[in-house]
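J.: The primary structure of each chain is shown beneath.
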Amino acid sequence: MKAIRRIFVRLASLLLRRRDEERLRAEIEEHIALQTEEYIRAGMSAAEGRRQALVKFGAAEAIKESYRDQASLPLMESAIADVKYGLRSLRHSPAFALISITILGLGVGANTAVFTLADTFLWRSLSVPQPERLVRYMFSSAGVPTGLPASTDLDFPLSGPIFDELRKEQRACTDLFGWTDSHVLWAAGAEPETLPAALVTGGAFPVLGIKPALGRLLDYPDDRPGGGPLGWVANISYDFWQARFHGDPAVLGKTLVLEHIPVTIVGVLPKGFYGVLIGSNPRVVLPWEFDVQVNGAGSDRHRNNSLSFTVMGRLRPGVTYGQARADSGTIKESVIKEAVPAKIQDDFFRMLTNRLDVRPGGTGFSDFNRQYRKPLLLMQLLVLAVLLVVGLNLSTLFMARAGGRRHEMAIRAALGARRWRLLLQLVIEGLLLAIPGSIVALLVGAWGSRVLFTLASRQAPDMTVDLHPGLVVLAANLGFALCAVLISSCWPAWQIRRLDLSSAMESGRQGHLGERRSRFVRWLLPAQVALSLLLVAVAGLFVASFTRILVEPSGFRPQGVLLADTNFYRRTENGEQKVALYQHMLVRLRQMPGVEAASAARVTLMNGDEADEPYYSQDAAGQRHEDRALFENRVAPGLFDTLGMRLLAGRDFGESDSEQTEPVCILTSSAARFFFPTSSALGGFITNDNAQERPVVHYRVVGLVSDAKYDTLHEAAPRTIFFPYTQSAESLDSLTLVLRGPDTAKLAAGYRETMHQFVPDSPVPAPVTLQQRMLVSVSSDRLFALLAGYLGGLALLLSCIALYGVMSWNISLRTAEVGIRMALGATPYRVVGMILGEALVVVTAGLLAGLAATAGTTRWLASFLFDTRPLDPRVLLAAAGSMLAATMFAAWLPSRRASAIDPVAALRAE
Amino acid sequence: MGEKKDVQQGTLALMVLKTLDVLGPLHGYGIARRIEQISGDLLAVNQGTLYPLLLKLEQEGAIASDWGTSENNRKARFYRLTRAGRKHLQSEARDWQQTSEIIARFFALKVDDLQ
Chain A
1 MKAIRRIFVR LASLLLRRRD EERLRAEIEE HIALQTEEYI RAGMSAAEGR
51 RQALVKFGAA EAIKESYRDQ ASLPLMESAI ADVKYGLRSL RHSPAFALIS
101 ITILGLGVGA NTAVFTLADT FLWRSLSVPQ PERLVRYMFS SAGVPTGLPA
151 STDLDFPLSG PIFDELRKEQ RACTDLFGWT DSHVLWAAGA EPETLPAALV
201 TGGAFPVLGI KPALGRLLDY PDDRPGGGPL GWVANISYDF WQARFHGDPA
251 VLGKTLVLEH IPVTIVGVLP KGFYGVLIGS NPRVVLPWEF DVQVNGAGSD
301 RHRNNSLSFT VMGRLRPGVT YGQARADSGT IKESVIKEAV PAKIQDDFFR
351 MLTNRLDVRP GGTGFSDFNR QYRKPLLLMQ LLVLAVLLVV GLNLSTLFMA
401 RAGGRRHEMA IRAALGARRW RLLLQLVIEG LLLAIPGSIV ALLVGAWGSR
451 VLFTLASRQA PDMTVDLHPG LVVLAANLGF ALCAVLISSC WPAWQIRRLD
501 LSSAMESGRQ GHLGERRSRF VRWLLPAQVA LSLLLVAVAG LFVASFTRIL
551 VEPSGFRPQG VLLADTNFYR RTENGEQKVA LYQHMLVRLR QMPGVEAASA
601 ARVTLMNGDE ADEPYYSQDA AGQRHEDRAL FENRVAPGLF DTLGMRLLAG
651 RDFGESDSEQ TEPVCILTSS AARFFFPTSS ALGGFITNDN AQERPVVHYR
701 VVGLVSDAKY DTLHEAAPRT IFFPYTQSAE SLDSLTLVLR GPDTAKLAAG
751 YRETMHQFVP DSPVPAPVTL QQRMLVSVSS DRLFALLAGY LGGLALLLSC
801 IALYGVMSWN ISLRTAEVGI RMALGATPYR VVGMILGEAL VVVTAGLLAG
851 LAATAGTTRW LASFLFDTRP LDPRVLLAAA GSMLAATMFA AWLPSRRASA
901 IDPVAALRAE
Chain B
1 MGEKKDVQQG TLALMVLKTL DVLGPLHGYG IARRIEQISG DLLAVNQGTL
51 YPLLLKLEQE GAIASDWGTS ENNRKARFYR LTRAGRKHLQ SEARDWQQTS
101 EIIARFFALK VDDLQ
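Top to bottom, those sequences are chains A and B.
Everything in the first sequence is counted per our numbering, starting at 1 for the first residue and increasing by one.
Everything in the second sequence is counted per our numbering, starting at 1 for the first residue and increasing by one.
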């Protein structure tokens, strides 16, 4: 207690700066005077008495020192003095300070941004109790050749019947539940609204174990045909509750009319819980049986050809994750055999792998996650590399600067400063840079993650993620920043150990002529150059690959095309009437001003939706060709024209193709070549496989169109078959309207007007241009290209800056040497040449090492990138060339300064 | 009279406190002289070392200081014991008492006492 009190008093006296000095001096004087008087009284002379008194008192100066040490905190005082000194010296070299802070801020900031993104999508856990005990069941095709690019790691959700069977047979979890995204129509008031929703099986919330913010959560009895004991019930999300019901507790028991069915709200989800599908934001959660009530046989609940069940479960206590995997392996066969009709079991066994896989479920499931897990990891590696570069840069800079301080350190050590004292000063100076640098890093990181996330969202408007840098990330980054700076700045003190003080002092500030930097420092620069080159090359590859995607012809002419995904599921007309409805709407649309062409398609393009079925043909030579996953689409007449695909042969569909006439189809040219390799496809027949117990139909090929991409720009244009929408076996509930015109705004207006005219009580989905959709479909690639470009550019910039710093500092130290050379007759030209030459050697060494490293690494990278030859020489040359140019420029500036040195002045300065 | 022994700071502090306790408020010189007197000149105290010690005691709150007038009408700083200081003194005195009793017992030991 006393000690603490003392510290506070000392701190106070330090801060308040009481003039105890004066008081002490007076007291000491007084004391000595009194003692002198006594000695005089005892018989000594005045002078002798005073002398004796002084001796008796002790060494006054030492006493005063000791007093001062007591009075305040000497450590603090010297620390404060160090800070002032540090600030002063930084003010004298503002470039150094600015450079260091910039390097630190940018480098660590980039790291924070990328790590935040990765953390959120890859690692942040669901806000449920014990998320590490959750597992997810799915079909995985990793490692099995499926004819798709090696980079695609396909994870499929399960189907309803498979979920039911799995639930019966599995033994590893207490229970399983299914979850999927959906939409429901809400008759809210004047305008019907479409709400994002989630469908769950009864066990969802009991297994997850979360607690409601209000009321109760859905449970097993609610997920029954016809609803629970109270009919249909639902939970709403916390944000929805706040936004639309103002957080009113009376919302419990309120009825919402969803899909024309009254549903009672029985509870509110906890704040911050958005379901198990990362990136979704369901406003209302309903039992899956509700979907069966709404869609009848069209519901996914009991269909096998729709894989939409994200299945998760909670491990039983004591069961390990490995055991769960083993369990799933043993039951997979029987599950599929029981759940899937015999006719299509083959598909499941063949297309999907022999693995019903189990993965940790604690982080939820997200499309983004599964597709971009690898690239995100790669990005993190890149960022770590940048961090390394940052660290190296800083070290180089500091060590270069430290070289000039050996003289100063030597003098101080000779005067008696202990090593820890010198270290403390260096640490403080390091902190003076590290702290602003960390602040900059935090700002860059926060802003950066926002920017990155905006680019990252594919399903732009509705994607909600709790995006803030996790504490771990922040702490790690700041820790790194501090470590880097501290280690770099303390290096000179380390060197002092081996210092021969007298020679260090003699050598003066300039250093010996011809003195060589330590071996370690000599390796730093090339290492840094090599690493930067690696980064720049990788970045270049990413950018190149992305550009290739964009530039590749998609098969359409996307300019001026508008897409509108209409959805007539809930309409009461029957199938034929719906087709007629679409036909009337198309007629009306074609009449509108600004509409050059209008058509419709079942599968909306560039949206990631796939519809594929098995078809086969028999060519002229009697050979059977079968494609088990032929992409198909049902379209209205005029689609190819609207999209800008070319009709190569035969005819387009027309009004004459109807239910009553002969079944026809149109093939893309690659499909035609596949099914009829030896002859013309026109007039041939394509037959569907009767797997799903559909009637076998022979479609006559009446037209050929050019190849075009289907669901994504990433893959080559697939073989596709088109059918007229009037000849569809299943009822057409939703078609995407496709419009072409010079002004897409006019197209949108025309579309809205038509919708209001024909279907005023249906919601009008917002239309989007084909170009927008194509951009969205590669938005993640854009993201990665941007990130990679940013990182590569950053590495380049950092290297140049650091090189500039090192070189200019070095040259300032060699002023004397340069002066002598010039006095001896070297022209400025030769001086510049000499310095540049040395820089060139260093940089070339680095570039060679970097090229070797790049060659090794990019081979492994190839799997990530779309159609890029890893050792693309153009990219490598560009990277190496830009590095060389940049570093030479960085070396040239200080060398020019060196050549301008006045030899006489330089010699005098020594 | 043997060599003057050096004294540790802790015990010096006690001496200061006790001196102030018995003799009332004193200035620095006075405390130094009294300590010399009481110890019978057996202790060698560099008088100057007293001042940092006085400051330390004041920081701890055991003593307080005020300006006053000394015997020869000069301005001097007088130190006095505080209540906290008095309490500290009393507890220290008890400890010392106990310690010296125990030590005394050991020094009075004879072989047969332990058999």
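Because the hints were derived from the structure by calculation, they are not lab data.
It should be emphasised that the depicted structure is a prediction, and the values quoted were computed from it without experimental measurement.
The reader is advised that the hints may include incorrect statements.
Stated by the list, open to error - Quick list of in silico lysine-lysine cross-link-like pairs, DSSO-like style, CA-CA up to 27 Å: (1) A/K64 / B/K18; (2) B/K75 / B/K56; (3) B/K56 / A/K56; (4) A/K56 / B/K87; (5) A/K64 / B/K110; (6) B/K87 / B/K56; (7) A/K271 / A/K211; (8) B/K87 / A/K746; (9) B/K18 / B/K110; (10) A/K64 / B/K75.
J.: Hint by hint, say whether it matches the structure.
T.: Evaluated hints:
no.: 1; hint: A/K64 / B/K18; result: holds (25 Å)
no.: 2; hint: B/K75 / B/K56; result: holds (22 Å)
no.: 3; hint: B/K56 / A/K56; result: holds (22 Å)
no.: 4; hint: A/K56 / B/K87; result: violated (32 Å)
no.: 5; hint: A/K64 / B/K110; result: violated (51 Å)
no.: 6; hint: B/K87 / B/K56; result: holds (17 Å)
no.: 7; hint: A/K271 / A/K211; result: holds (10 Å)
no.: 8; hint: B/K87 / A/K746; result: violated (94 Å)
no.: 9; hint: B/K18 / B/K110; result: violated (35 Å)
no.: 10; hint: A/K64 / B/K75; result: holds (20 Å)
In the structure shown, a violation is registered for the earlier hints numbered 4, 5, 8 and 9, in ascending order.
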